[in-house]
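With mature numbering (1 follows the signal peptide of the UniProt record, and there is no 0) as the guide, the letters of the sequence shown map in order to residues -27 to -1, 1 to 362.
Hints were generated in silico from the structure; no laboratory data involved.
Okay, derived cross-link-like pairs now, BS3-like style, lysine-lysine, Cα gap no bigger than 30 Å in a straight line:
| id | residue 1 | residue 2 |
| --- | --- | --- |
| 1 | 298 | 112 |
| 2 | 239 | 281 |
| 3 | 99 | 173 |
| 4 | 281 | 349 |
| 5 | 173 | 115 |
| 6 | 163 | 115 |
| 7 | 349 | 298 |
| 8 | 112 | 163 |
| 9 | 281 | 298 |
| 10 | 244 | 281 |
| 11 | 298 | 239 |
| 12 | 99 | 59 |
| 13 | 281 | 229 |
Each pair of labels, with its calculated beta carbon distance range:
| id | residue 1 | residue 2 | range |
| --- | --- | --- | --- |
| 14 | 194 | 138 | 48 to 54 Å |
| 15 | 78 | 100 | 20 to 26 Å |
| 16 | 143 | 164 | 21 to 27 Å |
| 17 | 351 | 100 | 49 to 55 Å |
For every residue, glycine included, the Cβ atom is placed at its ideal position computed from N, Cα and C.
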Amino acid sequence: MKTLRYITNKLALVLTGVLLLSGMAACDDKDDNTSIKVNRMMVTDVPDEVISLIEGDTWNTKVTTLPEGAIDADEYTYRYTTGNDKVFTVDENGVITATGIGESVLTVWSVNNTDMWTTCLVKVEKRIYPVTSITIPEKYQKYYMGVESTFNLGGVVTVNPDNATTPDVVYSSSDAMIAEVNEYGEVYTKALGDVTITVKAVDGSNVSATCEVYVRDIDHSSLLDRTNWTVTTSHDYFSDGVINGAPECLIDDDEKSCLALVKPGKLTIGKDESVFFVIDMQTPQNFDFFVLRHRTYQNTTANLRVTKVSVYGSNDGENYTEVIKEAPIATAATISSVTVDLPENVSYRYFKLTYDGWSNSGNTIQISDFNIGNKKFMDYTPEDHSPEE
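Using the sequences and the hints, build the whole thing.
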């Protein structure tokens, strides 16, 4: 019994010693953890140490100190710098703003410990703005034209948004035998019929728009009433004993009289001066063509004839809008009158026509008569215009 009691006491002493040693070791470990300080830092949530952004994006920088649980981690504050502010900027709170395409380095500095910093790469790519819609004004969505006429559809098409990365479009015709369209959107009609013109974005967005073009025969007999019209000119008219030359001769229905104006660079007119006449119709009038009659009485030479004109419209007589630019005018001796279709039907009180082309021979341009009107598009039945067998 004494022996058993002795062994039991010995075991108790041994266990007590082990527990004491374990407690001392635990205390030593605790003392070591509480003495660890920050020895490095890193930007978090950055795969492969690269921040990938698109122009205009923002990103909040998050920094972690290591090792985890360091006793001075809460004391750390940071300063942020960019390697190139044309690629990105960064504010005092670490908010990055992507400003341009490229790559640059973000550096995060420890304010507490100037010997400690970390970096990561910032890559900024171009923001892509796809085409969302293509707009054709309503009045051009069902558009009537005569044969052998041209209309610049590209000039009225709008691609949205206005900052689309690739705003280019392509044009196509459903029947090039009736009307063809070139890369600039200029539609040229070739035969009677109906055709669809499609405008499609090339950026892969598959956005498109269409307009219907109806090619018809045109009746130019609907002329405006010229009662009470007045005509003024850019320069004094050239008086002529045969054709008079005064502005009112332009609208007097007399084939023997003509408006005569001196050409730029001739006689008293400087070569860079603009020569024109203005018709005041007294009230705004709708029109989409004009008829110009050359001088035919006793003289049909081409050097008396204007070869190119531009038309402008106004409702106040001061501010003019271009209607058609440098329209060609046929001048062969066998031609007495020339009809010019305007790109669209417009409404103005004042009709201004400038002389843009002429023969270098002779001193004056002479026009016998001038009128303005509205086109009438004739009915069209396809079978009436089928090819003869």
